[in-house]
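A.B. asks: Protein chains in written order, with my numbering: chain A, 5 to 172; chain B, 7 to 372; chain C, 6 to 154.
Quick caveat, the hints were computed from the structure, so don't treat them as lab data. Note that the structure is a prediction, hence the values are computed from the model and not measured. Any given hint could be a false lead.
The calculated label-pair distances, taken between Cβ atoms and stated as ranges, are [as the list claims (entries may be wrong)]: (1) 105(A) with 22(B): 36 to 46 Å; (2) 158(A) with 95(C): 50 to 60 Å; (3) 108(A) with 301(B): 55 to 65 Å.
Glycine included, each C-beta is placed from N, C-alpha and C at the ideal position.
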Amino acid sequence: MVLNPSLTAESSDDTAQLAEHNIIVTTLEKVWNWGRARSFWPLSYGCNCCPIEMMTAGGARFDIARYGYEVFRAAPRQADLLIIAGPITLKMAPVVKRVYEQMPAPKWVLAMGNCATSGGPFRDGYSVLPGADSLFKVDVFVPGCPPRPESLFHGLLELKKKVEQGNY
Amino acid sequence: MINTDQYTLNIGPQHPSTHGGLHVEALMDGEIVVDAIVHLGYVHRSVEKIAESRTYTQFIPYASRLDYLATHLPTLGYVQAVEKLTGAEVPERTEYIRIIMGELSRIASHMLFVGSLAIDLAATTGLIYCLRDRERIMDMFEMSSGQRLLAAYMRIGGVSYDLPDEFFPAVQSFIDDIPKMLEEYNGLITGNEIMQARCRGVGILTAETALAYGVTGPNLRASGVAYDLRKADSYGFYDRFDFDLPIGERGDAMDRLIVRLREIEQSGHIIRQALQQMPAGEVQGKVPKVLKPEKGKEVYHRIESSKGELGFYLLSDGSEKPARLHVRAPSFVNLMVLPIISRGGKLQDIITNIATLDPVLGESDR
Amino acid sequence: MDNVTKDKAFDDLRTIMGDRLEISGDSFFSYIKVGPADILPLMQSLREQIGMNYLANLTAVDYTEEFEVVYHLYAIPDNGLKLVVKTRVPRDEAVLPSISAIYPTADWQEREAFDLMGIRFSGHPNLVRVLLPDDFQGHPLRKDFKKEG
C-alpha cells in the first residue's frame, strides 16, 4: 500500500517492494494530517436550533462516532474543531472570538446552518452578524435550516478531505 | 482562623450544556452560592422587529424557531392568535390534527428535557435513550410536514397538508410504546441513586415565589399549583379531552422531573382520544390570500407550551404586516427565579436548577 | 357568574379609584385605561382587593407621539376575570412608575421594555439592558430606529 505514489522518492518499484514487507514510506506531515482528519474533537458550543441537530447527530441513529468525531470537549484548550451552530449575535460575538483564540492550532471552523453561513432568516435584524466568516476564517459551510445530521456529516467529510490533503 | 473572600465564577455562555447561550455569574463563598446573576441576550435574534417587516403568514417559520424543541407549539399559538385577530374559522379536522402535533411536540420537548438533565448531571447514557425515542417523533414530523425539527406546518386557518396514511400506524405504535419508554427512563434516570441524591431537596421553588414571579407550566405544577391553560383557559378542542394534571409536592428538582415524565403519559392519552374522535374533512379553512386585519385591533392569545404560558400579543395597523408583535416567553419569565432557588445551595445545584427549569434560550431571548 | 364577578370588581375599582379609570370590553378582555400617575394605586388594588395575582404579560407599543404600556392580568386559580391595563406616556418623557414591588414578575419584563423601547421605569431595582449588549446605542423596537450598516 502506497499512500501517494506520485510524491515518493526514487522509483515506485522500491516503495512498492517495501510496502509488501509492511514498510510504508511517507512524510510526518501526511501521517499527522491523516490522524487529524480522522479525529476532530469538536467544541461543545451551540446557540439555537442547529445544536439540537448536532446532538441528534451524536445520538444512536446517526452516530457521529463512526467517523471518530464523537469526542465533544467542553474546554476550548482541548478542542480543535469549532462548529458554529446557530447565529452569532452581537453579544455572543466577543465570546466566540475569545473561545476561538483559546483553541490551539491547528484548528478548523465549520459553519453549520444558514445563520452561521450568512445570517440566515435573521439577516435583516439588528443583532445577528452576517455569517461566521465576518469573525474568522471558515473552512466548511453547511447550509440548511437546520441541516439534517446527514448534511452535517457531509460537511465533516468535506473537512476531512481538506485536512487530509493539507489544505489549511 | 482563615479569612476567605467571595469570588465570582462565570458559568457560560459557552458551556457543555444544551441550553444555548446562558451566562450565570455566580458569586461564591467556597462551595456555597451567595448569589447568581443571570445574563441573557446571547441568542437575541431581533425576532419582534423582524415580525414588523413580514406578513402574517411569512412569520410562521420564525414562530417555529422560537421554541425549537417543540416546534408545533409556538406555531400553534401564533396562528391561533392571528385567527383571533382576523376572525378566521378553522375546520374541525384541523383542530384535532393541531392537538396531535402539539402534544407530540410536548412529548418531544419533555424527552429532551429528561435527556439533557441526565447529561448535565454527567449520566451521558440517558441522553442517548431519549434521543432514540425522540427520533420516532422526528420521523412523524417529517412524514407530515417534510421537516424534522423546525416544521412550519400550521397555517392561518388550517394546516399545510393533511396527515399521510403512514402517519397513523406510526403514531399509534408510538403511544402504545410510551409506558415502556417511561419505565426505561424511570429505571435508568429517575430511580438512579445518584440522580435522587442530586435532585431531591435541591432548588426548592415554593408556590408563593412561583406565583409572584409569574412562573408557569410544569415548574408551577411541580410546586403544587394546579394551573394548566389547557384546562383553565381552554383553546382549540382541549375541553373535549379527559386528562389529569400531574402535581408535585415539594417543588424541588426531582418533582420537576417527575411532573414532566407524567405529562408525557398524559399527552399520550390526549393523542389517543384525538385519534379516536378525529373526523374526516378539509384541513384548510377559507382565509383571504392577503390578510389585512382591522386597524387598531389587538389580541393577546396564550397557550400552554411545554415550558409554560406562551403568549402572543398582536397589534394590527390595517396593513398586511403587524404593527407590533410581542412574544410572552415562558422561559424568559421562568429564569427569573433561578437566582432565588440557587442561593444558599452548592455550585453543582446551579446546573441542576438550570436543567430542571427547562429554559429554551431561543424563546427567552427571541 | 362571570358578569356578577366582573361588575362587582369594576364597582369596587371605581369606588377606590374614582373616575380616573376608563373601562371598556370586548369578547376576550376587559380594558382599563388609566393615566401614568395612577398605575401604582390601580395595580395595588387589583392585586389586593380584586385578587388578580398573576401578571402574565407586560409589553410596550410605539404609537409615534406616545408609547403605550400594556399589562395583561389574570388570577390563579382562575376567577373568570381577564384584564388589560393600558397607559400612555409621551415620547419625549417616557417615564412610568415600576410595579415590580407589587408584581415581582414585572422585574425583567420592564427591563426588556426599557432595553428595546426605551421607557424608563422609576423605582425599578435594576434598570439595565437585558437582551442587548450594554454598549448598544438606541432602542431597536422604536419605529424610528435605523440599523447601522
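A.B. asks: If a hint holds in the structure, say so; if it doesn't, say that too.
C.D. replies: Now for the hints, and whether the structure bears them out:
Separated by about 19 Å at the C-beta atoms, residue 105(A) and residue 22(B) break the suggested range of 36 to 46 Å. Residue 158(A) and residue 95(C) have their C-beta atoms about 57 Å apart, which keeps the hinted 50 to 60 Å range intact. The beta-carbon spacing between residue 108(A) and residue 301(B), approximately 59 Å, falls within the hinted interval of 55 to 65 Å.
Violated hint: 1 only; the structure is consistent with all others.
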